[in-house]
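Read top to bottom, the protein sequences are chains A and B.
Following numbering that gives the first Met the number 0, the numbering of the first sequence begins with 0 at its first residue and continues without gaps.
Following numbering that gives the first Met the number 0, the numbering of the second sequence begins with 0 at its first residue and continues without gaps.
What the hints contain is simulated information worked out from the structure, not anything from laboratory work.
Accuracy of the hints is not assured; some may be wrong.
[Unchecked claim] Sample of chain A residues at the chain B side, in silico, Cβ under 7 Å:
{"no.": "1", "residue": "25"}
{"no.": "2", "residue": "70"}
{"no.": "3", "residue": "74"}
{"no.": "4", "residue": "83"}
{"no.": "5", "residue": "279"}
{"no.": "6", "residue": "362"}
{"no.": "7", "residue": "387"}
{"no.": "8", "residue": "468"}
Beta carbons: idealized from backbone N, C-alpha and C, even for Gly.
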Amino acid sequence: MNWETVIGLEVHAQLATKSKLFSGASTAYGAPPNTQACLIDLGLPGVLPVLNAEAVRMACQFGLAIQATVPARSVFARKNYFYPDLPKGYQISQYELPIVQGGQLKIEIDTLEKTIGITRAHLEEDAGKSLHEDFHGLSGIDLNRAGTPLLEIVSEPDLRSAKEAVAYLKKLHSLVRYLNICDGNLQEGSFRCDANVSIRPLGTTTLGTRTELKNLNSFRFIERAINFEVERQIALLENGQKIQQETRLYDAEKNETRPMRSKEEANDYRYFPDPDLLPLVISPQFLTQLIPTLPELPDAKRDRFMRDYELSSYDANVLTQSRELADYFEEVVSTVPGEPKLCANWVMGDLSALLNKHHLDITQSKVTAQQLAKLLKRILDNTISGKIAKQLFEAMWNQEGEPDALIEKQGLQQVTDEGAIDKIIDQVIQQNPKQLADYRSGKEKLFGFFVGQVMKLSQGKANPAQVNELLKQKLSG
Amino acid sequence: MSLSPEQVIKIANLARIAIDTQAIPRYAENLSDILAFVEQMNRVDTSGILPMAHPLEAVARCRTDEVTETDHREQFQCIAPQVEAGLYLVPKVIE
Chain A
0 MNWETVIGLE
10 VHAQLATKSK
20 LFSGASTAYG
30 APPNTQACLI
40 DLGLPGVLPV
50 LNAEAVRMAC
60 QFGLAIQATV
70 PARSVFARKN
80 YFYPDLPKGY
90 QISQYELPIV
100 QGGQLKIEID
110 TLEKTIGITR
120 AHLEEDAGKS
130 LHEDFHGLSG
140 IDLNRAGTPL
150 LEIVSEPDLR
160 SAKEAVAYLK
170 KLHSLVRYLN
180 ICDGNLQEGS
190 FRCDANVSIR
200 PLGTTTLGTR
210 TELKNLNSFR
220 FIERAINFEV
230 ERQIALLENG
240 QKIQQETRLY
250 DAEKNETRPM
260 RSKEEANDYR
270 YFPDPDLLPL
280 VISPQFLTQL
290 IPTLPELPDA
300 KRDRFMRDYE
310 LSSYDANVLT
320 QSRELADYFE
330 EVVSTVPGEP
340 KLCANWVMGD
350 LSALLNKHHL
360 DITQSKVTAQ
370 QLAKLLKRIL
380 DNTISGKIAK
390 QLFEAMWNQE
400 GEPDALIEKQ
410 GLQQVTDEGA
420 IDKIIDQVIQ
430 QNPKQLADYR
440 SGKEKLFGFF
450 VGQVMKLSQG
460 KANPAQVNEL
470 LKQKLSG
Chain B
0 MSLSPEQVIK
10 IANLARIAID
20 TQAIPRYAEN
30 LSDILAFVEQ
40 MNRVDTSGIL
50 PMAHPLEAVA
60 RCRTDEVTET
70 DHREQFQCIA
80 PQVEAGLYLV
90 PKVIE
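Only chain B is shown next, with the shape it has when bound in the complex (with noise of 0.2 Å):
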């Protein structure tokens, strides 16, 4: 499969990655190679395989339900680019 410019577009925005539109052929020839390489695997018959979840044979274990943490919020904050009233802030997301 080969990937237009459009999805190579589509991907880095998904990624929020910025790109360099001189490279986007080559992005799209580098993406769709590593898609060839991963389409081999459908050519394995794979009905009635319960699909991995995770490569460990274990299971979850769970914590009982308490509260374990202390405010470190100053600590968290003081590298964050910038705080206000104990918020961070961030560009804004709604005009």
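Only chain A is shown next, with the shape it has when bound in the complex (with noise of 0.2 Å):
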């Protein structure tokens, strides 16, 4: 039988508010345990939580951008369960009543436009952390989490590959980023996202029972996760099994998932609106003055890339995949005015191979944006040759210096001078009668062998259009 794979994503995105989401402590990461809890976040008695402006603000910004409705009114209301990481016994988060209400994010896969539902986004406050490492047999408990403010953003069941789920993870995690509103560091757990996977007979529209995969932390073991468990529901629905509705751990080292112990599923959370926060109202005035306050986004970039540099979609998508990538590229375009496509091969090419080698991301470039366009600059105006350039960006990579005084230094000049490539062309033909003859007399493949010598010879620095124009001439006798 054939299989319809659904997958439903529950992205939690911290956001970037300095303070928590109804406390003053602060939300640093990394501090030593229990040092950034208060009062409001061990839940001590007599205490009431005050609501953070700018999670609000954040998660309108967020729903302007999804062209989602934002309602005049939404409510807070506590999810209760017991756990030793929550301290008050129920969470602080949003049921009925959700912040961010029915919005949209287009997705791309093999350059087909998709677009998928977000069904809410909510606001809600982070558990803290359990270290289950040997305590003499008890469990450590660090609160300084509890309370981080977190945006839970539902998506609908639209997506039918792992590979759509990890576009859309990918999109949304680009978006909040160009927000501001989340730093997206999925190693430090900033984003985290839990998937809802179902299969069903290719052409029914009623759902499978879905399981739900946790332990997701990289877009890699998202992909392995989903593909894995999908394999799985198929071999039991297959074997006349039945799926067991239940959450999953993804196991990274075993790539597999494995059932939670039922104990902690027994879930009832007897949600209702937590008396001690007011309604929150958001004006529409609100709403209106922040519309100009949001960044042009992924998709206006790339759009407007594709327009003003005329590139590809597939350039422009790359290079606007996060907002810095697209303001380095932008700046060496300004800079090197007229030739867009040029600086976007160098920038996703040598540039982002680099970047890649050495695991760091465009705001650590060893190579500035300037830098880079005044290397482009020397191509252009033929002082050195693209193979030159490559060289020298490595070691201007290396901080051995300006393109410059660099080419300056190590006499990289391209040589353009007709005489002097003559004269090497005569000296390469004169070394070579054997191919020189076989070349003539029908072997054309050897041109390649000829235009590699002259190059050798000039140590790189030849002009290729000219080596190859006067070496035609040259050969043809």
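Hints are included, so try docking the two chains, each in its own frame, into the full complex.
The structure is reproduced here in structure tokens:
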């Protein structure tokens, strides 16, 4: 039988506020345990939560960016469950009236665009961290993270493959970073994802029994975990077995999912409006004032790059994946006007290769946009060849100096003097009489050999276009 | 509506309350009475009525995003049963 995969994703994006959602404790990452957990975060008696205005603003910005409704009134609710890293015995979340309702995100799969529905996004507080290493048979609890603001973003079950799920996540990741509302750090847990996965016979419309996958902390693992889970579900159904609705953890080392113990699944959250918090009212004026503060978003930037710089959709997508990369590219282009494709190739090629090799992001690049622009100018004015430029770029990366100084110091100027190139060609022809005879008797493939020899003899400095032209003349005799 | 002994046990478990099994029939009766009392509200036609989120006719006031709290870990932890390396220690939740 042919099966269709149905995936819905829940993303927890940690909002980049300075203080917590309901208290004035710091949200900075990596502090010594429990030094950023105050009376409110600890759930001690007699305290009252007070909502962080910045978290509200960020949630509204997100709502506007995905063309969602930000209702005039939203309500905070208590989600009740017992776990040691949740000191109050409930998490303050939103249930029936979330702050963001019904939006959408466009993804691109093999150049086809697809719109993924976003059901809702709501504000909630994070829990603390449990450390299960051995503390004499006990667990250690760090409540620094307790109360940190999260925006939980819930998609419709519109995704049909692990690949689509990853494309959606990358798009969402890019969007929250463009908006500057989340640092998007997967390793530190600022951007976490749970996946609801089910399968159904192709052509049917009722949803199958789903499982929820947790512990997905990299885009690669998410794709693998979903693929594993889909295979597992297909095997079960094709063997006439049933799928258990359950939460499963992904084990990256074994590349498998396995059920969490049933004890933790007996969830009955008994949501009710939190009597400590009054309804949140957002005025239309507030939203209107927020619109001009939105940055140019990834889709708009991509379209502009295609229009203004005549880049392909692929190039424009790569360059607009992060705001910082797009800014870098635009800084190069503005210094080397009229050559956007050359700039794009260098940013996406040599620069990205070195960044990847050293596990750096664009903000940590060893070569600034201005330096790269200077290098490209020297290619364009024929001072150096593209090949020499690649060597120079590595030298610049290694902090050996500015492009012009390096060209001067290492004598890398391109040879464009016809007389000089002629001399080299003559020498090559003289040294290779057999190849010359073969070429003249019809082995035209040998042309490449001669070009190679000339470039080698000139130490890569001869202008390739001139070499081609002059060589053709000379070889034909 | 009348609660079964199983439902009483489930409710106790959700609330993490240990109950005396002898007392289950009495809990079932009392809780059922409470539910029956609340049940009367189902007779009221509430279609078109906005659910009340809060009894006060007021809306949330927000605070500005500033760190105002300082570290008081030592004071907080002196009332905890067991601490180590700055962590609160609790019975193990994962075997």
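Tested hints:
1. For residue 25 of chain A, the interface hint holds, since its Cβ comes within 7 Å of a Cβ in chain B; the closest pair sits about 5 Å apart.
2. Taking 7 Å as the C-beta cut-off, the interface hint given for residue 70 of chain A is violated, the closest approach to chain B being about 12 Å.
3. Interface restraint check for residue 74 of chain A: the shortest CB-CB distance to chain B comes to about 4 Å, inside 7 Å, so the restraint holds.
4. Given the 7 Å rule on beta carbons, the hint for residue 83 of chain A holds: about 4 Å separates it from the nearest Cβ of chain B.
5. The beta carbon of residue 279 of chain A is positioned within 7 Å of a beta carbon in chain B (closest approach about 5 Å), and the interface hint is therefore held.
6. Hint on residue 362 of chain A is violated. Least Cβ distance to chain B is approximately 24 Å, over the 7 Å limit.
7. Annotation: interface hint on residue 387 of chain A violated; nearest CB of chain B at approximately 51 Å, more than 7 Å.
8. Because the beta carbon of residue 468 of chain A sits about 65 Å from the nearest beta carbon in chain B, more than 7 Å, this interface hint is broken.
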